[in-house]
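Listed here are the chains, written in short residue letters.
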Amino acid sequence: MRKLAFVSLLILTFVIAGCSGNASGTQEYPKKNIEIVAPASPGGGWDLTARSLEKVLTDEKLVKENINVVNKPGGGGEVGWKYLKSKDAHTLAVNSSLVLTNNLLGQSELTYKQFTPIATLATEWQALAVPADSKYKSATEFMEAVKKDPSKVKIGVGPGLGNDDHLSIVQAASEYDINPSKLNFLVYQGGGDVVTALLGGHVDAVTTSLSEVKDQHLAGKLRILAVSSDKPVEGLEDVPTWKEEGIDLVFPHWRGIMGPPDMTEEEIAYWDKKLSKMVETEQWKKVLENNDWEGFYKNSEETKKFMKEQHDLYQRLVKESGLVK
Amino acid sequence: MKKLLQVSLQVKILGLVVGLLLLVLTLVTFMVTYMESGEDVQNAEDLALQTATTLSYMPVVQDAFKEKVKDENVKHIADRIRDQIDASAIKIIDREGQLVGYSGQEKPESIDQQDYYSTLTFGGSFVLQPEEDEDVLKAVVPIRVDYDTYMKVEGAVAVEFKMKDIYAEIRADLKDFIFASSSVLILGVIGSILLARSIRKDTLGLEPFQIAALFRERNAVLDSVKEGLIAFDQSEKITMINASARELLDLKDNAEARTLNDVITSPKLREMIESNKGVKNKELQYKEKTLIINSNPILEGGVRTGIVVSVRDKTEIKQMVDALSEVKQYSEDLRAQAHEFTSKLYVIMGLIQLEKYQDAIELIKEEADSQKQVTERFFKEIVDEKVQAILLGKFAKASEKKIDFYIEDGSSLQRLPAHIPLSPLIIILGNIINNAFEGVAGQKEKTVSFFVTDLGHDIIFEVTDNGTGIRQSDMEKVFAKGYSSKGTGRGYGLANVKEEVDHLHGSIEINSIVKEGTTITIILPKEITDTKGVS
Numbered sequence: 001m002r003k004l005a006f007v008s009l010l011i012l013t014f015v016i017a018g019c020s021g022n023a024s025g026t027q028e029y030p031k032k033n034i035e036i037v038a039p040a041s042p043g044g045g046w047d048l049t050a051r052s053l054e055k056v057l058t059d060e061k062l063v064k065e066n067i068n069v070v071n072k073p074g075g076g077g078e079v080g081w082k083y084l085k086s087k088d089a090h091t092l093a094v095n096s097s098l099v100l101t102n103n104l105l106g107q108s109e110l111t112y113k114q115f116t117p118i119a120t121l122a123t124e125w126q127a128l129a130v131p132a133d134s135k136y137k138s139a140t141e142f143m144e145a146v147k148k149d150p151s152k153v154k155i156g157v158g159p160g161l162g163n164d165d166h167l168s169i170v171q172a173a174s175e176y177d178i179n180p181s182k183l184n185f186l187v188y189q190g191g192g193d194v195v196t197a198l199l200g201g202h203v204d205a206v207t208t209s210l211s212e213v214k215d216q217h218l219a220g221k222l223r224i225l226a227v228s229s230d231k232p233v234e235g236l237e238d239v240p241t242w243k244e245e246g247i248d249l250v251f252p253h254w255r256g257i258m259g260p261p262d263m264t265e266e267e268i269a270y271w272d273k274k275l276s277k278m279v280e281t282e283q284w285k286k287v288l289e290n291n292d293w294e295g296f297y298k299n300s301e302e303t304k305k306f307m308k309e310q311h312d313l314y315q316r317l318v319k320e321s322g323l324v325k
Numbered sequence: 326m327k328k329l330l331q332v333s334l335q336v337k338i339l340g341l342v343v344g345l346l347l348l349v350l351t352l353v354t355f356m357v358t359y360m361e362s363g364e365d366v367q368n369a370e371d372l373a374l375q376t377a378t379t380l381s382y383m384p385v386v387q388d389a390f391k392e393k394v395k396d397e398n399v400k401h402i403a404d405r406i407r408d409q410i411d412a413s414a415i416k417i418i419d420r421e422g423q424l425v426g427y428s429g430q431e432k433p434e435s436i437d438q439q440d441y442y443s444t445l446t447f448g449g450s451f452v453l454q455p456e457e458d459e460d461v462l463k464a465v466v467p468i469r470v471d472y473d474t475y476m477k478v479e480g481a482v483a484v485e486f487k488m489k490d491i492y493a494e495i496r497a498d499l500k501d502f503i504f505a506s507s508s509v510l511i512l513g514v515i516g517s518i519l520l521a522r523s524i525r526k527d528t529l530g531l532e533p534f535q536i537a538a539l540f541r542e543r544n545a546v547l548d549s550v551k552e553g554l555i556a557f558d559q560s561e562k563i564t565m566i567n568a569s570a571r572e573l574l575d576l577k578d579n580a581e582a583r584t585l586n587d588v589i590t591s592p593k594l595r596e597m598i599e600s601n602k603g604v605k606n607k608e609l610q611y612k613e614k615t616l617i618i619n620s621n622p623i624l625e626g627g628v629r630t631g632i633v634v635s636v637r638d639k640t641e642i643k644q645m646v647d648a649l650s651e652v653k654q655y656s657e658d659l660r661a662q663a664h665e666f667t668s669k670l671y672v673i674m675g676l677i678q679l680e681k682y683q684d685a686i687e688l689i690k691e692e693a694d695s696q697k698q699v700t701e702r703f704f705k706e707i708v709d710e711k712v713q714a715i716l717l718g719k720f721a722k723a724s725e726k727k728i729d730f731y732i733e734d735g736s737s738l739q740r741l742p743a744h745i746p747l748s749p750l751i752i753i754l755g756n757i758i759n760n761a762f763e764g765v766a767g768q769k770e771k772t773v774s775f776f777v778t779d780l781g782h783d784i785i786f787e788v789t790d791n792g793t794g795i796r797q798s799d800m801e802k803v804f805a806k807g808y809s810s811k812g813t814g815r816g817y818g819l820a821n822v823k824e825e826v827d828h829l830h831g832s833i834e835i836n837s838i839v840k841e842g843t844t845i846t847i848i849l850p851k852e853i854t855d856t857k858g859v860s
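Chains A and B, in that order, give the protein sequences.
Anchor point for the first sequence: position 248 equals 248 in this note's numbering, and the numbering is continuous, going up by one each time.
For any residue, its number in this note's numbering is found by taking its place in the second sequence, counting from 1, and adding 325.
If we strip away everything but chain A, and leave its shape as in the complex, we get (with noise of 0.2 Å):
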């Protein structure tokens, strides 16, 4: 018995010695280069986000290690967070809310809760659009359309159902007490052909992020109905948003960025302490500007929340809506 007793005591002195080795170890972290993963090929949004964050954290010399950004296409970005969660804390993964609706789609299995989050990094905001010469004048004449006959508008969306262009409709259609699952939605391969149908004139309207139809609605080839913004757009003083016109709807198209599972605290606060920094240089405010995007920094406590929030929020979207009829 004493033999026991002593023998868990070295056992417990080993572990403790462990620890605190590791934790010795963490505060040189990083300790090698650093890998972000973009969970799409080159030139979409994610790609876009991972090369911003490469330069920006390396132009300010934020971060010492080297950065390198992989491209990881498939699944709607679950092959790259896949592969992020076989990883260490040195590989760091684009995201967005695609993180969340897969899983509630039954097209994953991953779910947010097996990563670390680190920060959201900026937002886009989502417009409704109609051709310049369309019979719906404003957002509340087209959804009174939609109710009375929800099949024969026909609302354009790229590159699939679930994201958030999609999802910022059904949530204003069930806001406004339309069944969503009545919405006649044609699905196109992107952002740019859901445009193209619009002028074409094969669709009534599209749903697509503010950036794609901003220099059109400017050049006055569409008109945008609604922003999903919480307040008028700069330089788009003249649109109005969804709760100015009467519907209860706010909704970003947030990006951020997720660590593998695990990342212990001094990690966490590594990243907090460097991407706070970094979100208030003029380098990144800068590339902010120039895709159109909202600076929407979080840390990583936020993040977690805010996570868990949109998580409820889908999660009503996708199995609740229904009920509305």
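Hints listed in this document are in silico derivations from the structure and should not be mistaken for laboratory results.
Where hints are given, some of them may not hold.
Here are the simulated lysine to aspartate or glutamate pairs, DMTMM-like style, with alpha carbons at most 20 Å apart [as the list claims (entries may be wrong)]: (1) K851(B) / E706(B); (2) K154(A) / D471(B); (3) K152(A) / D419(B).
Given the coordinates of chain A, work out where chain B should sit on it, guided by the hints.
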């Protein structure tokens, strides 16, 4: 508790085997059922989802939605697939929630829109778990129809399994398993009954506690027997030895489990024990004792598997026989005396009839004197009744043999101390007086005198005869067993005397002059002191 455990061997074995088997089988059955049911449900889920997905991409289905025509083929393919996977129903609906194709037992009146909401809105694929009130597991997948520039969710496919059917399958599997388990259990029961029987057969139908009781009984019986008993096994190891045997063979410790050669030092005894035919009532001189040995080999199919040996002490038997013969002697001596008196009475009667009164009176007087002399000495000087009885017998014998046997003046004896009992006294005095009588048998003048005194610390008996004496060369042998001048086969007399005297811590002295006579003196201490020890 103790009583509860005292059940038959069969019950014990049966209880253990059945208990263990039941425990294991129940555990295994439970685990298999649990895993199987989980697996079966999971399989049904996977199958439903895969089938629904496959169906949604089938050209027949795709075309039906693309062309917006009601196609009977959709129903056919649904029927065929339902048959293949044993689903309970396959439903194909359009965006409006109308059934386009259906396969199943009974066509439902309406479709629960809720089930299809997520699929129609988001194009997601789901497995819907059965809810409390319904008994159906269903997979719902969207029908995505690809128009050249865009894609649209035009409907949904649902594949349904009745949980009842899945559980029935699990039950069927479980039935097989329980059947197999029961067979194992029955085998276990039969096996344990056979085992118990086989064990009981080996134990002659006795339960272990009965065997234990018998064993204890046997040991008690064997230890209470006066005869020494030893049993050896095949390898001549002692398996049993009782207390008497240990005592007779002077074995100090418990000799069990030791071998014959270790325990028995006498080669003669070993030879007797090892004898293949066994020995019967063989005498053996073992240390100071004479033992009677019986050895009995246990034979099984001509092979010796053990030996049983019994040991008796002949010395004891001999002493008993000697004492008996002494007693017999006295009764004969007394009969001889009675006979002598009778003949004397006849002489007196004859003299009276011849009217020779004076002669008759003389004879009576003489006889009375002689009796008086004897009795006076006896009752005045020799008070001990045991010695009186012995001497009275010897007087009669001497009178018959015409031996002049008299008690010397100065003899005196008080009551003997308690540590000298009658039987050694008979052996000691009987033998030496008889020896003296025999020693004077061939003489003209036959005189034997007896002297006893208990003055001082010792009691001294002295018997003197005027016989032929003992030659100096024979002096050594007189105490040896088997020696006698009286001829072979009679010679235990003095040896027995010496043994008894030694017992009483006394000593013997013999003074003999050839042709003049012999005097034997026995000196017995009145008290046996502790320092000498009692054997």
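Verification of the hints:
no. : hint              : in the structure
1   : K851(B) / E706(B) : 18 Å, holds
2   : K154(A) / D471(B) : 15 Å, holds
3   : K152(A) / D419(B) : 16 Å, holds
The structure meets every hint from the earlier list without exception.
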